[in-house]
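Next come the chains, spelled out residue by residue.
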Amino acid sequence: MRPMLVILSLVVLYRGHNEPGGGFIGGLMLGAAYILYAMAFGVNKTQKSIFFSPVNLTATGLLVALLSGVPALLAGDVFMTGEWVTFFAYSAFELKLGTPLLFDVGVYLAVAGMLMLVMFSIMEE
Amino acid sequence: MLIAPILLPLLSMVILIFTRRWLVFQQTFSLLATIMLTVISLTLLLDINTNGIITIQMGSWPAPYGITLIGDLLASIMLLTTSFVAIVVMIYSPGFIDRERQTAGYYPLVFGLLMGVNGAFLTGDIFNLYVWYEVMLTSSFVLIALGGSAEQLRGSVKYVTISFVASIFFVSAIGIIYGQTGTLNMADLAYKMRTWDDMPYINSGLMLFFIAFSIKSALFPFFFWLPASYHTPPVAITALFAGTLTKVGIYTMIRFFSLFVVQDVVFWKTFLLVIAGLTMSIGVMMAASQFDIRKILSFHIISQVGYMVMGLAIFTVNSVAAAIYFTVHNMLSKTNTFLAGGLVYQRSGSYDLKYLGGLYKTMPFLAILFFVPAMSLAGIPPLPGFFGKFFLIKGGFEAGQYVITAVAILVGLFTLFSMIKIWNEAYWKKEPDDMPEPGPVSKGTLVATALLAAAVVALGVFAGPVMEVCHAAALQVTSPEVYIEAVLGN
Numbered sequence: 016m017r018p019m020l021v022i023l024s025l026v027v028l029y030r031g032h033n034e035p036g037g038g039f040i041g042g043l044m045l046g047a048a049y050i051l052y053a054m055a056f057g058v059n060k061t062q063k064s065i066f067f068s069p070v071n072l073t074a075t076g077l078l079v080a081l082l083s084g085v086p087a088l089l090a091g092d093v094f095m096t097g098e099w100v101t102f103f104a105y106s107a108f109e110l111k112l113g114t115p116l117l118f119d120v121g122v123y124l125a126v127a128g129m130l131m132l133v134m135f136s137i138m139e140e
Numbered sequence: 003m004l005i006a007p008i009l010l011p012l013l014s015m016v017i018l019i020f021t022r023r024w025l026v027f028q029q030t031f032s033l034l035a036t037i038m039l040t041v042i043s044l045t046l047l048l049d050i051n052t053n054g055i056i057t058i059q060m061g062s063w064p065a066p067y068g069i070t071l072i073g074d075l076l077a078s079i080m081l082l083t084t085s086f087v088a089i090v091v092m093i094y095s096p097g098f099i100d101r102e103r104q105t106a107g108y109y110p111l112v113f114g115l116l117m118g119v120n121g122a123f124l125t126g127d128i129f130n131l132y133v134w135y136e137v138m139l140t141s142s143f144v145l146i147a148l149g150g151s152a153e154q155l156r157g158s159v160k161y162v163t164i165s166f167v168a169s170i171f172f173v174s175a176i177g178i179i180y181g182q183t184g185t186l187n188m189a190d191l192a193y194k195m196r197t198w199d200d201m202p203y204i205n206s207g208l209m210l211f212f213i214a215f216s217i218k219s220a221l222f223p224f225f226f227w228l229p230a231s232y233h234t235p236p237v238a239i240t241a242l243f244a245g246t247l248t249k250v251g252i253y254t255m256i257r258f259f260s261l262f263v264v265q266d267v268v269f270w271k272t273f274l275l276v277i278a279g280l281t282m283s284i285g286v287m288m289a290a291s292q293f294d295i296r297k298i299l300s301f302h303i304i305s306q307v308g309y310m311v312m313g314l315a316i317f318t319v320n321s322v323a324a325a326i327y328f329t330v331h332n333m334l335s336k337t338n339t340f341l342a343g344g345l346v347y348q349r350s351g352s353y354d355l356k357y358l359g360g361l362y363k364t365m366p367f368l369a370i371l372f373f374v375p376a377m378s379l380a381g382i383p384p385l386p387g388f389f390g391k392f393f394l395i396k397g398g399f400e401a402g403q404y405v406i407t408a409v410a411i412l413v414g415l416f417t418l419f420s421m422i423k424i425w426n427e428a429y430w431k432k433e434p435d436d437m438p439e440p441g442p443v444s445k446g447t448l449v450a451t452a453l454l455a456a457a458v459v460a461l462g463v464f465a466g467p468v469m470e471v472c473h474a475a476a477l478q479v480t481s482p483e484v485y486i487e488a489v490l491g492n
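Just so you know, the sequences run in chain order A and B. For reference, each letter of the first sequence is one residue, going 16 to 140 in my numbering. For reference, each letter of the second sequence is one residue, going 3 to 492 in my numbering.
I should point out that these hints are in silico values taken from the structure, not numbers from a laboratory. It cannot be assumed that every hint is accurate.
[As the list claims (entries may be wrong)] Examples of chain B residues lying across from chain A (beta carbon under 10 Å, computed):
{"hint": "1", "residue": "Ile55"}
{"hint": "2", "residue": "Ile56"}
{"hint": "3", "residue": "Gly107"}
[Said to hold, decoys possible] From chain A, some residues computed to sit far from chain B (all C-beta separations above 12 Å):
{"hint": "4", "residue": "Met19"}
{"hint": "5", "residue": "Ala47"}
{"hint": "6", "residue": "Ala55"}
{"hint": "7", "residue": "Val79"}
{"hint": "8", "residue": "Gly84"}
{"hint": "9", "residue": "Val85"}
Heads up, the beta-carbon is just placed ideally off N, CA and C, and yes, glycines get one too.
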């Protein structure tokens with residue numbers, strides 16, 4: 016289940032900008048993946064199987080969200096203005112990347128980290 | 003530039019989370035970050051003072067659709083005072099808070115709190131304001147429970163519950179206002195309220211806002227949670243809360259009153275005056291009956307908040323300027339009295355006046371550090387509390403509000419009484435026989451308290467120039483057209 020949920024959460028994250036989905040939902044799914052794992056195998060084993068601590072994951076998310084505002088400053092716009100770059104434009108695999116997506120990645124990581132932090136400490140009790 | 007007071011605490015918080023095990027780094031970095039925050043706030047204040055109100059539209063989405071950040075003089079005065087209080091608390095904390103709490107996330111949480119407070123000062127959007135309130139409150143929930151002693155948990159349960167209730171009122175009010183006007187931008191809302199004729203539910207929305215903010219700033223009759231919870235965490239945290247949290251409620255109330263009270267102005271003024279009088283007098287009377295230093299000071303927060311609301315409710319330029327000056331004075335003096343109370347605790351291991359005594363003889367320096375802010379709160383010249391009260395009372399007489407002014411003068415006397423009570427019991431009284439062994443007072447805490455006491459004195463000595471800035475801020479507050487124009491153009 017875990018790899019599938021992780022991949023699915025990434026899909027939800029990416030399509031989130033224009034369609035239902037987004038960083039928050041994706042983050043919840045990512046968190047759920049590890050919580051399910053922890054329910055099956057215990058908190059200790061889960062924490063060993065992931066190479067980051069949930070607190071650091073949350074902090075990384077905050078940092079990414081913060082940095083997503085910086086490109087706009089470099090481009091001379093107001094903080095947090097959306098800046099987009101399109102790869103493979105007009106082909107079947109058009110890939111649009113931009114600072115709003117980066118912000119969503121930040122939300123994704125922060126939500127997942129927070130969820131794991133809360134659930135792990137409740138489950139440990 | 004305007005976003006820096008929000009971004010800097012966020013960045014510091016992230017860095018401090020990653021480095022949460024390195025105690026010395028945490029202490030140094032927090033101090034440097036708060037100093038930088040103060041420098042930024044000072045430049046903002048100077049900039050706004052010369053060039054007028056600054057606004058920016060987040061993400062380039064134009065007002066009234068996007069989120070506006072707006073800095074006027076009032077906001078920047080509050081920013082500067084908050085960040086200065088934060089410096090002092092950062093100097094004070096390493097020597098006072100135990101190591102366990104310091105490594106359990108104390109420093110990141112303080113910056114979370116600062117981010118919320120600064121955001122609430124700068125935002126020009128009601129829903130965004132709500133979000134900043136939540137940021138601030140969430141950090142404060144953890145701070146108040148940090149360490150998890152039984153007493154702290156008892157206090158924090160009350161605090162969390164009442165804050166949630168306040169948030170419910172806040173969101174419902176936003177919902178009502180949004181449903182009526184279709185806008186959340188404060189300037190746009192104020193403009194619509196001035197130009198549209200028929201707005202049936204505005205007063206009920208405003209009343210819900212009033213309840214929410216009066217819970218947060220501990221006004222009568224919603225003050226009961228404050229003395230039940232503020233005295234439980236280590237005194238450095240209480241001092242930070244006393245200096246920042248309740249004042250955000252007052253700041254928002256000033257902002258909302260200036261922008262949104264268009265209908266039934268007479269009702270709102272009278273209503274706020276009655277509330278202010280009751281808050282002042284009940285707070286001070288409850289304080290007079292307490293024996294724990296922290297509880298006395300907590301009740302005084304309530305009483306002092308009443309003064310600020312009084313200045314707001316009279317709503318002339320002079321009275322609002324006095325209220326702003328009083329708020330600044332209170333943020334400094336109140337924090338300072340709490341810190342001095344903490345020194346007493348370090349020295350003698352107790353906050354209870356019954357077990358204290360003789361501190362004047364054993365530690366005269368410590369006595370002076372308490373004497374300055376306490377007399378300032380009581381309103382003795384030349385300390386800032388005197389000028390604050392003097393300007394408020396002058397404003398009251400000028401506006402012909404004799405009853406509330408009389409109440410304010412009487413409450414001042416009671417304040418003097420309970421400050422002298424702490425003085426007598428803790429410093430002058432003969433040392434009780436069963437007094438615990440004296441403990442060491444760390445250097446950092448002494449330096450921090452002395453620094454803040456010096457600031458209090460300076461605020462009194464330079465009352466003239468400071469009052470001029472407050473006057474300019476009050477001019478902006480009393481003529482909301484400037485605010486509206488700064489955000490919306492014409």
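*Identify every previously stated hint that the structure contradicts and give their numbers, smallest first.*
The structure conflicts with hints 1, 2, 7, 8, 9, although it agrees with all the remaining ones.
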